[in-house]
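*Asks:* These protein sequences, in sequence, are chains A and B. First residue of the first sequence: 1, per the UniProt record's numbering; consecutive thereafter. First residue of the second sequence: 1, per the UniProt record's numbering; consecutive thereafter.
A couple of the hints might just be wrong.
[Stated by the list, open to error] Lysine-lysine pairs mimicking DSS-like chemistry, simulated, CA-CA at most 27 Å apart:
1) A:111 x A:201
2) B:345 x A:200
3) B:35 x B:436
4) A:202 x B:338
5) B:285 x A:198
6) A:53 x A:174
7) B:338 x A:198
8) A:53 x A:111
9) A:200 x B:262
10) A:198 x B:345
11) B:308 x A:150
12) B:262 x A:24
13) B:345 x A:202
14) A:150 x A:172
15) A:21 x B:262
16) A:200 x B:338
17) B:285 x A:200
18) B:41 x B:436
19) A:17 x B:262
20) B:338 x A:33
21) B:345 x A:201
22) B:41 x A:17
23) B:262 x A:33
24) A:104 x A:174
25) B:338 x B:404
26) A:54 x A:153
27) A:198 x B:272
28) A:54 x A:201
29) B:338 x A:201
Worth flagging that the hints you see were computed from the coordinates, not collected in a lab. The structure presented is a predicted model; accordingly, all values stated were derived computationally and were not measured.
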Amino acid sequence: MSRVLVGVKRVIDYAVKIRVKPDKSGVVTDGVKHSMNPFDEIAVEEAVRMKEKKLASEVIAVSCGPAQAQETLRTALAMGADRAIHVEVAGAEYETLQPLHVAKILAKLTKDEKADIVIVGKQAIDDDSNQTAQMTAAMLDWPQGVFASKVEKSDSGLTVTREIDGGLEVVKTKLPAVLSADLRLNEPRYATLPNIMKAKKKPLKKISAKDLGVDLSPRIKVVSVEDPPVRQAGSVVPDVDTLVAKLKEGGHV
Amino acid sequence: MLSPFRFLVAYVPKLHGLAQVRYASQVLPQLSAEKYNVKRKNYANVHNSDINYFKSILGEERVLTDKDEVMPFNTDWLRSCRGQSQVVLKPKSTEEVSQILSYCNKKCLAVCPQGGNTGLVGGSVPVYDEIVINLMLMNKIISLDEISGALVCESGCVLENLDTYVREHNLIMPLDLGAKGSCQIGGNISTNAGGLRLLRYGNLHGSVLGLEAVKADGTVIDCLRSLKKDNTGYHLKHLFIGSEGTLGVVTKVAIHCPVLPKAVTLGFFGVKSFENILELYNSAKSSLGEILSAFEMADNTAITHTVKNLNLTNPIADYPFYVLVETHGSNEVHDGEKLSSFLEKEMQSGLILDGTVTSEPAKMHSIWNIRESIAASFLVEGYVFKYDVSLPQKHYYEIVPKLKQRLGDKASSVIGYGHVGDGNIHINVTVPQYNKEVLSLLEPFIFEEVSKVKGSVSAEHGIGFRKPQFIHFSKDSTTLDLMRDLKQLMDPNGILNPYKVLPDTN
Ligand SMILES: Cc1cc2nc3c(=O)[nH]c(=O)nc-3n(C[C@H](O)[C@H](O)[C@H](O)COP(=O)(O)OP(=O)(O)OC[C@H]3O[C@@H](n4cnc5c(N)ncnc54)[C@H](O)[C@@H]3O)c2cc1C
Ligand SMILES: Cc1cc2nc3c(=O)[nH]c(=O)nc-3n(C[C@H](O)[C@H](O)[C@H](O)COP(=O)(O)OP(=O)(O)OC[C@H]3O[C@@H](n4cnc5c(N)ncnc54)[C@H](O)[C@@H]3O)c2cc1C
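Input sequences plus hints: build the corresponding full structure.
*Replies:* Next up, the structure:
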């Protein structure tokens, strides 16, 4: 049976309206509601289902971030993860944390914890990088099944159905392997009350990137963060002829 | 940020499922006049000269006369009523409303004031050819006092837009209801809408600070103060709150907005019996105290059908009853502690069988969405008879099993859900098609039952067109006489929303 390591990131809740800081250095996060990256919820769900199907023996949730990342880990524990590791990265260091750093951390922890499946969300809805799974696989030199919409156990490893442009691609990988969860992989459960209570008592270990020997010095610099352009207001035209004329005028037909 | 967000919108239960359900059935409802056997009263007919007059004050675009364009304004949200109006007017200012009414009063032309047309008692659509005065273009926000929380706006502002606006200023609207995306503040005031958080933020009679309304003869009544306290003479604003367009047209509103809660948590629980719900309510009141902001219930059929009909997800398994408990507070840690001790206690006592609790906005939204979609979701199963009554809490749910027994297999479902904290239950009876036999089993039976325990035959939806013949179950004859006197005083020609609220005298 496998041991599964799942990466979970704390991001601004997707029902919250995002605001850019006046100095354009990033987005406002203070006092803003955060929750688990939705794709990571899918990853946790998949790992927990593997355990329920007796394909996995243990599920370990990992989050890199400030102290509040522990709330996200508690959610993963309430969903069914067995234990959690909080890699504390705070302040300026967190602001420049990149997928490469996270991949190095996950790869190191995977070895330390002797995990043989790593699952992360295909991307985080804040940075939209879509790199962590691929880089982690590279660091470990393991096969990868990314954008997974279905994962099945096969004799020698896993059969992963991937959502690609225009259809589905089915790949087989040996174990150990790295997976990333796409939207349709599953529908994550709500944490139920008894499990929320139990989660409070599950083990949560805190370590630093330094303990893992991972260097977090920044490799990119954010130059500017801007709001998307505002959609221009529409106008009402009196009849079809005017509409057609306007469309022609704008070169749309 | 954009791409996954777009995917997620498809996966998160739709916010605006209402409109889709609304037009699921394309069959036109029967004309109200025929269906409910109502005689036209002696008002003037609308002539071309009248239309021309309206066009002279509003311009061409704000006078709708095309049959297809007028149709939606004749049909109510429930599709239980259809009027025969030939003209819809869309004023943009109090002066225009005043001009319209003064003209109609002189000519004895009947009118039907209309907001978002989400009313559930047929009050918002004409019965015969009353002229529809739709307030949707009176949608300007006038001012917001961030210290007192007083918002002043025109009556056609959509509730959700106002809420979005005041949230930017760390305030919320004092009411919230499933129809928020369409209903207007003027409509809310005219129906004295209650909604999901009345338990916490109180009734509109408390939060409406002032208003401006136009009387039938076009006189503008200016009670638009935004003061918390104003004991100068009679409190006339209250006359318009809940008067359902029969005493005047509300044109402007001053309303008190409470502070945006910093900490919000939502729990959704499975409960064994209605008795247990009441016990849980008492426990929630004493454990959660001032942070309790909503306490709602729904029975098993209400939730399981809604989830199925609208393809949503029930966060927990099947239980006989479901309860939704929300807290609004200012400190996450403080609220969290209170909530956990409440939950631990009631899980142990067995009042809560199972449940989930979250303070993540997207998850809270999905859970609220189930509760708020109940009303709409049954429309896809057939014709829905809807009742909205107040009952002493110990009698709250009794009527549902009684009705089930009385109707047998004549109804496809009988559900009870609502604002249990306020003693207000919604009873929906769904039948494959409208039929008079079921109607005669329901009415006046339900109202008699309600009257026996001194309840109200309309808790929050009003009397409108569908309930005047039952108002006597809740109001005695001297009270009704005073209501008639007031109507006579304010609208001597009876042009404002006829066939509504007041029963005929014979
Ligand atoms: C899905 C759904 C959920 C609902 N939930 C609740 C709930 O929880 N609590 C609750 O109380 N109600 C609820 N309602 C019913 C509620 O009465 C209406 O949603 C709302 O208050 C009406 O506002 P409106 O702008 O749509 O008014 P309309 O439906 O247009 O009009 C309602 C009445 O007010 C009159 N009116 C409207 N605007 C004016 C005005 N400016 N001046 C004078 N008269 C006017 C109309 O003539 C009519 O008699 C719900 C309705 C729906 C469809
Ligand atoms: C020391 C003091 C402190 C006060 N503090 C406040 C305060 O903080 N806030 C505030 O709002 N007021 C305050 N008041 C004034 C307040 O109006 C009265 O104290 C109280 O509300 C009046 O009650 P009462 O029974 O004494 O009425 P009365 O003084 O007897 O009558 C007041 C009015 O009500 C009428 N009335 C009385 N009973 C009835 C009835 N049953 N039916 C019809 N009409 C009736 C009377 O005709 C009269 O017009 C204060 C007064 C005092 C002396």
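*Asks:* Confirm or reject each hint.
*Replies:* Hints and how they fare:
{"no.": "1", "hint": "A:111 x A:201", "result": "holds, 26 Å"}
{"no.": "2", "hint": "B:345 x A:200", "result": "holds, 16 Å"}
{"no.": "3", "hint": "B:35 x B:436", "result": "holds, 10 Å"}
{"no.": "4", "hint": "A:202 x B:338", "result": "holds, 22 Å"}
{"no.": "5", "hint": "B:285 x A:198", "result": "holds, 26 Å"}
{"no.": "6", "hint": "A:53 x A:174", "result": "holds, 19 Å"}
{"no.": "7", "hint": "B:338 x A:198", "result": "holds, 18 Å"}
{"no.": "8", "hint": "A:53 x A:111", "result": "holds, 24 Å"}
{"no.": "9", "hint": "A:200 x B:262", "result": "holds, 23 Å"}
{"no.": "10", "hint": "A:198 x B:345", "result": "holds, 15 Å"}
{"no.": "11", "hint": "B:308 x A:150", "result": "holds, 24 Å"}
{"no.": "12", "hint": "B:262 x A:24", "result": "holds, 25 Å"}
{"no.": "13", "hint": "B:345 x A:202", "result": "holds, 21 Å"}
{"no.": "14", "hint": "A:150 x A:172", "result": "holds, 12 Å"}
{"no.": "15", "hint": "A:21 x B:262", "result": "holds, 20 Å"}
{"no.": "16", "hint": "A:200 x B:338", "result": "holds, 16 Å"}
{"no.": "17", "hint": "B:285 x A:200", "result": "holds, 26 Å"}
{"no.": "18", "hint": "B:41 x B:436", "result": "holds, 25 Å"}
{"no.": "19", "hint": "A:17 x B:262", "result": "holds, 15 Å"}
{"no.": "20", "hint": "B:338 x A:33", "result": "holds, 20 Å"}
{"no.": "21", "hint": "B:345 x A:201", "result": "holds, 18 Å"}
{"no.": "22", "hint": "B:41 x A:17", "result": "violated, 52 Å"}
{"no.": "23", "hint": "B:262 x A:33", "result": "holds, 10 Å"}
{"no.": "24", "hint": "A:104 x A:174", "result": "holds, 21 Å"}
{"no.": "25", "hint": "B:338 x B:404", "result": "violated, 39 Å"}
{"no.": "26", "hint": "A:54 x A:153", "result": "holds, 11 Å"}
{"no.": "27", "hint": "A:198 x B:272", "result": "holds, 23 Å"}
{"no.": "28", "hint": "A:54 x A:201", "result": "holds, 23 Å"}
{"no.": "29", "hint": "B:338 x A:201", "result": "holds, 19 Å"}
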